[in-house]
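> Assemble the dimeric complex from its two separately framed chains, guided by the hints.
Now for the letters of each chain:
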Amino acid sequence: MDNRKGILVCGEFAEAKLAPITIELLGLGRKLANELGEPLSVLLMGSKASGLTQETIAFGADNVYVADDALLDQYNSDGYTQIAANLCQQALPSIVLLGHTDVGMDLAPRLNARLGGGLAMDCLALSIDPATQLLASTRPVFGGNAHATMLAKSARPQMATVRPKTMPPAARDDSRQGQVLPVEGKVDPSAIKVKVVERTKEQVEGVKLEDAEVVVSGGRGIGGAQNFAMLRELANVLGGAVGATRPACDEGWVPVRLQVGQSGKVVSPKLYIAVALSGAMAHIAGCLGSKVIVAINKDKDANIFNVAHFGIVGDYKEILPALTAKLRELKSG
Amino acid sequence: MNTIVCVKQVLDPEIPPAKFKIDAEAKQVIPPAGVPPVISVYDERAVEAALRLKDKHKGKITALSMGSEKAADVIKHAIALGADDGFVLQDAAFENLDSFGTAYVLAKAIQKIGEYDLVLCGRQAADWGAGEVGSILAEILGIPVITLASEIQAQDKTLRVKRIVSDGFEVLEAPMPCLITVGSEIGLPRLPAGPRLMMARKKVIPIWRAQDIGAEPTKLDKQNAHTEVIGLSVPTRKTECEMITGATPADAAAHLAAKLSKLI
Numbered sequence: 001m002d003n004r005k006g007i008l009v010c011g012e013f014a015e016a017k018l019a020p021i022t023i024e025l026l027g028l029g030r031k032l033a034n035e036l037g038e039p040l041s042v043l044l045m046g047s048k049a050s051g052l053t054q055e056t057i058a059f060g061a062d063n064v065y066v067a068d069d070a071l072l073d074q075y076n077s078d079g080y081t082q083i084a085a086n087l088c089q090q091a092l093p094s095i096v097l098l099g100h101t102d103v104g105m106d107l108a109p110r111l112n113a114r115l116g117g118g119l120a121m122d123c124l125a126l127s128i129d130p131a132t133q134l135l136a137s138t139r140p141v142f143g144g145n146a147h148a149t150m151l152a153k154s155a156r157p158q159m160a161t162v163r164p165k166t167m168p169p170a171a172r173d174d175s176r177q178g179q180v181l182p183v184e185g186k187v188d189p190s191a192i193k194v195k196v197v198e199r200t201k202e203q204v205e206g207v208k209l210e211d212a213e214v215v216v217s218g219g220r221g222i223g224g225a226q227n228f229a230m231l232r233e234l235a236n237v238l239g240g241a242v243g244a245t246r247p248a249c250d251e252g253w254v255p256v257r258l259q260v261g262q263s264g265k266v267v268s269p270k271l272y273i274a275v276a277l278s279g280a281m282a283h284i285a286g287c288l289g290s291k292v293i294v295a296i297n298k299d300k301d302a303n304i305f306n307v308a309h310f311g312i313v314g315d316y317k318e319i320l321p322a323l324t325a326k327l328r329e330l331k332s333g
Numbered sequence: 001m002n003t004i005v006c007v008k009q010v011l012d013p014e015i016p017p018a019k020f021k022i023d024a025e026a027k028q029v030i031p032p033a034g035v036p037p038v039i040s041v042y043d044e045r046a047v048e049a050a051l052r053l054k055d056k057h058k059g060k061i062t063a064l065s066m067g068s069e070k071a072a073d074v075i076k077h078a079i080a081l082g083a084d085d086g087f088v089l090q091d092a093a094f095e096n097l098d099s100f101g102t103a104y105v106l107a108k109a110i111q112k113i114g115e116y117d118l119v120l121c122g123r124q125a126a127d128w129g130a131g132e133v134g135s136i137l138a139e140i141l142g143i144p145v146i147t148l149a150s151e152i153q154a155q156d157k158t159l160r161v162k163r164i165v166s167d168g169f170e171v172l173e174a175p176m177p178c179l180i181t182v183g184s185e186i187g188l189p190r191l192p193a194g195p196r197l198m199m200a201r202k203k204v205i206p207i208w209r210a211q212d213i214g215a216e217p218t219k220l221d222k223q224n225a226h227t228e229v230i231g232l233s234v235p236t237r238k239t240e241c242e243m244i245t246g247a248t249p250a251d252a253a254a255h256l257a258a259k260l261s262k263l264i
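For the protein sequence lines, the chains are A and B, in the order given.
So the first sequence is numbered by the numbering used here: it starts at 1 and just counts up by one.
So the second sequence is numbered by the numbering used here: it starts at 1 and just counts up by one.
Simulated from the structure, these hints should not be mistaken for laboratory data.
Treat the hints with care, since some could be wrong.
Unchecked claim - Cut-off 27 angstroms, straight-line C-alpha distance, at most; resulting in silico cross-link-like pairs (DSSO-like, lysine-lysine):
{"hint": "1", "chain 1": "A", "residue 1": "K193", "chain 2": "B", "residue 2": "K58"}
{"hint": "2", "chain 1": "A", "residue 1": "K195", "chain 2": "B", "residue 2": "K162"}
{"hint": "3", "chain 1": "A", "residue 1": "K48", "chain 2": "A", "residue 2": "K195"}
{"hint": "4", "chain 1": "B", "residue 1": "K60", "chain 2": "A", "residue 2": "K193"}
{"hint": "5", "chain 1": "A", "residue 1": "K291", "chain 2": "B", "residue 2": "K262"}
Same shape as in the complex, but just chain B (with noise of 0.2 angstroms):
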């Protein structure tokens, strides 16, 4: 089974709120010094996912990932954690495209690379989150996608996938090749293992280039993107956070229950 992993490198989500900064003239994000970018939480579960299916039914994982020189990190990362191969997909004119313009990338590299029975995606960077790259290039390269799977299984030509929703979860079927892109449900990524770890570091990555990949310019003409963004703030909250305490711990407690029963 021959699956390709789209993966993302992002600047990391877990940072604290104050070393959040932005520049809202330019409407970008100021990346925090001393902060090393990590591959997308979900597209860290999509290579698990590829990966459990590796681990069944054997096959080669393919991992891409449109971005900067740097990106050659995640998919490292992803070498590491058991993938076979991968590609870092970088060009001038691969900065700052919408959603559409970085599925047409990833689609045309997909075709390059030609052979696949499954295309795993993160249901959402972590970063811009727009979450829907997985089904336009679904649509693009005209093969069935499922979206945010907790679980996934491999038959014969066919995947059965399990997806969460609010009220109990459904199990869907699909022909190969499809689609696929995950959540956080599929559960916790393994640990890359040291020999590999050591392996992954030292492969070369290849880049490949706009016309590596025969991208049309006009598709990747910032004029004909879909979406803009036109401002970008960093929400306040002002809160008053009235601090109780005790003499004890229960004894805050019990000053905090007085309080709370009278809203409740």
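Bound-form chain A, shown alone (with noise of 0.2 angstroms):
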């Protein structure tokens, strides 16, 4: 018989902070736990990680595992495979969920194939399944052209990555009860067979991609690199940041990490601004969470237009710097 029980949810933090993902896979946790009855867990990796045990039970956790060891401070795979691997093999959750993030994208398929779990990677959507009390995980195929239900019948445990932002924070109260609980054993060193030799942040011009309230996106349309100025100043007026499709960046236009879509970035933003792109599914899967889209494209049957809330027919090279003026002078009058 099945004796697998609970939720862990592989949490993520950096500098003392929980990671904004997982405070919404600890919301998203919580409700599916409730919903079976079982119990709620994180596992909280590095030294530093006691620090977040009291906030990660006031943001819904019934249990925290602490896996204190320095050698897990920063994130490297065959330490976090193992460690994580242990604990689901000693504490046996049934479902794992982790964040659809730098880690979890590289951790949760290394975890299942050591587990031999059933995974679904980049979820939108998470429920438990009526009829069988399994986990039902919702993600995009085909580019974003489709989307498909999966179920893992008999594998354990039942693993999902979730897409960051697509589910709402949980709430914090700090009268919540929890325990937290040491994860027995250290990282085996010599099991560390790839190592990181060099980690180096970029300090990115202006507002982030992924923080920005409002994005402006190129694409192949745009033409060349430099035709892109138009698009930065637009984004600067506003105080917003440039994205681009995958087309625009394979030409080497824009740098790949202003990619926006199924294998780039996906941004929420108040308002995108989608320049000179056909609105392939595989972009649009990166921005239809935006508030107000607006497309701008001289192809008047252009499937971004499908999409927006307004949109304009014509030329970008004539109305961009317009609509920049214009927004201009609106900001300043």
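See below:
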């Protein structure tokens, strides 16, 4: 008989702060745990984790597992896989949730490869299937053209990575009670085959794409690197950031880190201005959460107009300078 | 340096959304007529990564593809680009395998090939995009794995790999043999050279069946699938797009600016 029970969230934190995705996962996990009548646990890895245990309890965790080990202070695939897999084999959670982040994208498939569970990556919705009481995970497939819902009938644990900003953050309640449990065992240094030899933070000028309230994105129709200056100018006036489609990044017009879409960044600003991009599903998948989408495109039949709230059919080279100038005027006025 | 590249043939992900149709009952995508399948975008980058290493260090590149008999086309594509050899893994028992089944079949084929320093895969397939075959494959082969590489360098028996993360990049080192998954950050793939294209077209690509690679039937049994698709749908978002016009483009832009200034 299945003696697995409960939900385990693999937590992430940086500089003594829980990552937003972890607070979102705790909210989601709490909801699912209540539905199943099972406990919610969280795993925190690293020597600085113990300072965050009360906070994770306040956000909904019943149990906090702490792997206090300096070898886990920086993410490394082998160490994290080893510790998380050991805990899953001891605590036997029925469901394991991770963020679809740098860490989760690498750790989840490795962890699942070791545990032999059933994993769904980049999920947009999770629920408990009423008929089977199993985790039903919905994720984009075919570049966002379709959504598939998956179940793991017998493989355990049931695993999912959840796309950041798709779930509301957990409500904080500092009166909540929970227990803190140390994770037994340390990282075996000889098991770390892949070594991190350098980690460099790149300073981004202006607003970060993921955090921007306004994003101005360009596609293949922009035609060249220098033309992106026009988009940058508009973004500056609005205090926003510049994004791009995969083809525009592939051409080398802008750095890959500005790519919005299925394989790039997923953004949900208040305003998304899509310039000279046709609206391939793979791109739209990365900006569909935006409050308002504006499309500027020469082709009146471009797919982007199907998801936009406002549209102008025309040559962006004639439209953007006037738009930028007018917005600047309205702003100063 | 001997590299094995795993490539998958997929429905062209750049097709216009209007051509994209599914069979919700069968939970399958209906391939649109007249749109030929392509090599999965990230797998093409994996081939490119292999070729760049070969440019520098010589050696042999073998391409592997599990799929239909048509998958010979993606092997030929890899050969036209510069791969030396390739095999198609095709068997009724391989159809609709989940990530564990797929990784198992690839692992058996790689073990049959025998000697290798590096296995390369795309970060995820452009169709179902599970993004876990590479990690499971490495686990079965018992070799280290690095995901989402943007640059690979080899020196002696060590690989130095750059990987882009959200706020910068990191550099990792791993001993060979190793498995690396590749993203589009690695850069544009080269185009096939004319004479190689002709040669690749004529090449007969061997097909390996389950028995050729010694795959155990229980490992391919759909009853043992780790995940199952229970629903497939096309997301709909109906938005009324308000088209902004004007006497001139600048005029239309001014109208738009007036609307937007109320929003932000």
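> Could you tell me which of the numbered hints above are not met by this structure, giving the numbers in increasing order?
Those not satisfied: there are none.
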